[in-house]
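J.: Read left to right, the sequence shown gives residues 1 to 236 (full-length UniProt numbering).
Read the hints as simulated data drawn from the structure, not as lab findings. Beta carbons: idealized from backbone N, C-alpha and C, even for Gly. Possibly wrong hints are sitting among the right ones.
[Stated by the list, open to error] The calculated SDA-like cross-link candidates involving lysine to any residue, where the alpha carbons are at most 20 Å apart (straight line), are:
{"id": "1", "residue 1": "Lys175", "residue 2": "Leu189"}
{"id": "2", "residue 1": "Lys227", "residue 2": "Asp205"}
{"id": "3", "residue 1": "Lys175", "residue 2": "Phe235"}
{"id": "4", "residue 1": "Lys94", "residue 2": "Thr113"}
{"id": "5", "residue 1": "Lys175", "residue 2": "Phe217"}
{"id": "6", "residue 1": "Lys227", "residue 2": "Ile204"}
{"id": "7", "residue 1": "Lys227", "residue 2": "Arg215"}
{"id": "8", "residue 1": "Lys37", "residue 2": "Pro62"}
{"id": "9", "residue 1": "Lys9", "residue 2": "Lys94"}
{"id": "10", "residue 1": "Lys9", "residue 2": "His97"}
{"id": "11", "residue 1": "Lys208", "residue 2": "Ala187"}
{"id": "12", "residue 1": "Lys9", "residue 2": "Lys64"}
{"id": "13", "residue 1": "Lys37", "residue 2": "Gln93"}
[What the hints assert, rightly or not] Computed beta-carbon distance windows for the label pairs:
{"id": "14", "residue 1": "Thr188", "residue 2": "His234", "range": "57 to 67 Å"}
{"id": "15", "residue 1": "Asn167", "residue 2": "Asn197", "range": "52 to 62 Å"}
{"id": "16", "residue 1": "Thr115", "residue 2": "Asn167", "range": "25 to 35 Å"}
{"id": "17", "residue 1": "Thr115", "residue 2": "Pro192", "range": "44 to 54 Å"}
{"id": "18", "residue 1": "Pro192", "residue 2": "Glu108", "range": "31 to 41 Å"}
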Amino acid sequence: MKSKNPNVKVTRTNSYMAIHTHKDGSFIAPERMGRIKAIIEDDPASVNLDLDHDPVAQVCGPDKFGRVLGMSVGISKTSLASSSPAKEQLCQQKQQHSMLEERFGSLERQMVTITKILLETREEVAGQQSHRRIVADSSATSNAKDPTRSQSHGDSSRGMELCELINMHQEVVAKERATRANIILDATLDTPMDIYNVRVCLVIDRTKRLFGSKRTFGELHLPTAVKWPKDFTHFL
């Protein structure tokens with residue numbers, strides 16, 4: 001019985017009924033087995049009572065002469081009592097082992113999730129770095145073709161003004177400082193766009209996303225520099 005389902009507790013009553021049942025389902029002692037089944041049907045929890053009060057004891061009487069009904073030969077109440085603490089300890093160890101397996105499985109799933117997040121973050125950072133290099137190369141090329149523009153940008157970088165970042169709904173999401181004339185043409189976008197390198201000082205809506213990124217303003221460590229479209233930058 002135990003080998004078929006190791007997680008189910010086998011009581012003395014279960015063992016007794018299994019021993020006294022033929023393969024065809026008939027009982028060796030039908031009248032006695034009928035009384036035992038009636039007790040179990042009336043009180044299913046009675047099978048967990050001690051050996052002096054379980055259904056077998058109620059029908060067959062207390063065990064005598066160093067033997068226990070429903071158990072193997074040579075097993076007595078004394079031997080059962082002495083082995084009870086060890087069985088209880090084994091049961092607790094199995095429960096602890098099961099809990100540890102569940103926790104390990106949970107930690108393993110968490111590690112998989114964390115690994116995915118780290119890989120996505122690494123790809124995002126690599127993409128941002130590549131984007132910065134492309135913009136920088138584009139800016140350097142433009143300055144080389146038009147030295148006066150480069151000089152103008154160099155002079156204007158010294159005078160930063162207070163401005164607001166606006167989203168597509170004309171809502172202010174942050175306040176920052178930027179140089180009005182220091183505009184960069186970002187040719188890497190589907191539609192080339194003039195953008196500012198702005199220094200964010202105050203975030204109004206932490207849930208709004210940064211331009212060209214999955215990150216939000218709430219993830220910034222202020223003060224910090226970000227890129228923002230010229231058309232959505234209002235100088236005060």
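J.: Evaluate each hint against the coordinates.
T.: Hint check:
{"no.": "1", "hint": "Lys175 with Leu189", "verdict": "violated (25 Å)"}
{"no.": "2", "hint": "Lys227 with Asp205", "verdict": "holds (17 Å)"}
{"no.": "3", "hint": "Lys175 with Phe235", "verdict": "holds (10 Å)"}
{"no.": "4", "hint": "Lys94 with Thr113", "verdict": "violated (29 Å)"}
{"no.": "5", "hint": "Lys175 with Phe217", "verdict": "holds (11 Å)"}
{"no.": "6", "hint": "Lys227 with Ile204", "verdict": "holds (17 Å)"}
{"no.": "7", "hint": "Lys227 with Arg215", "verdict": "holds (13 Å)"}
{"no.": "8", "hint": "Lys37 with Pro62", "verdict": "holds (18 Å)"}
{"no.": "9", "hint": "Lys9 with Lys94", "verdict": "holds (13 Å)"}
{"no.": "10", "hint": "Lys9 with His97", "verdict": "holds (17 Å)"}
{"no.": "11", "hint": "Lys208 with Ala187", "verdict": "violated (24 Å)"}
{"no.": "12", "hint": "Lys9 with Lys64", "verdict": "violated (25 Å)"}
{"no.": "13", "hint": "Lys37 with Gln93", "verdict": "violated (33 Å)"}
{"no.": "14", "hint": "Thr188 with His234: 57 to 67 Å", "verdict": "violated (24 Å)"}
{"no.": "15", "hint": "Asn167 with Asn197: 52 to 62 Å", "verdict": "violated (18 Å)"}
{"no.": "16", "hint": "Thr115 with Asn167: 25 to 35 Å", "verdict": "holds (33 Å)"}
{"no.": "17", "hint": "Thr115 with Pro192: 44 to 54 Å", "verdict": "violated (37 Å)"}
{"no.": "18", "hint": "Pro192 with Glu108: 31 to 41 Å", "verdict": "violated (47 Å)"}
Hint compliance for this structure: hints 1, 4, 11, 12, 13, 14, 15, 17 and 18 are broken, all remaining hints hold.
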